[in-house]
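Kindly produce the complete structure, drawing on both the sequences and the hints.
Single-letter residue listing:
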Amino acid sequence: KNEVEQSPQNLTAQEGEFITINCSYSVGISALHWLQQHPGGGIVSLFMLSSGKKKHGRLIATINIQEKHSSLHITASHPRDSAVYICAVTPWGNQFYFGTGTSLTVIP
Amino acid sequence: EPEVTQTPSHQVTQMGQEVILRCVPISNHLYFYWYRQILGQKVEFLVSFYNNEISEKSEIFDDQFSVERPDGSNFTLKIRSTKLEDSAMYFCASSLTGYGYTFGSGTRLTVV
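Heads up: the sequence lines are chains P and W, in that order. If you read the first sequence in the working numbering, its first letter stands for residue 2, the second for the next number, and so on. If you read the second sequence in the working numbering, its first letter stands for residue 13, the second for the next number, and so on.
Among the hints, erroneous ones may be present.
Derived contacts from chain P toward chain W, CB cut-off under 10 Å, selection only [what the hints assert, rightly or not]: (1) Ile-44; (2) Val-45; (3) Ala-89.
By construction, these hints were calculated from the structure, which means they are not laboratory data. From the three backbone atoms N, C-alpha and C, an ideal C-beta is built for every residue, glycine too.
Dropping the structure here:
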């Protein structure tokens, strides 16, 4: 059973394109996280959301709690954005459920 | 910027051996976590630790796993008798409040 579903699994974009990655979840949550995993494997936390929208530089994350859906947008994409983007949710408590990730490649 | 440090970055061990993976969380953080990622698969939660005890653990975290905060700065994951299927990248994370996490760069464990 997959508590967290991401789409698309793989995404290739031209530099400068606007990118959207989607995440749907099936459990009640206290927060949703967007993570970035670099080719070397390291993980960076990008956003934690419990409602609304957050923006950091060219990254925007939104969440709709009623629809159990979140999106991560990247504006003016750049080759250095190439990474795996992972959606994870925390139901009430400290358990985490992770999506399978979206592998993004941005071509110059 | 404060970091979560994991050592070693890569560990190779014989099947059946015990391994200890080490993490130094951010110094004022109170919540600590271990995750693993088997190659090609998604990240999986193992355990969370708060106030010197386990607060949550997943089905993966069975009796062969244990965690400790032995000296107030390190946070360790011990695997008692490693199996081939324990080969994975193991990530430590810490949090001040239980929301917002800083991840370490991971330890790649290879069981041969």
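**Q.** Hint numbers not upheld by this structure, sorted from lowest to highest
**A.** none
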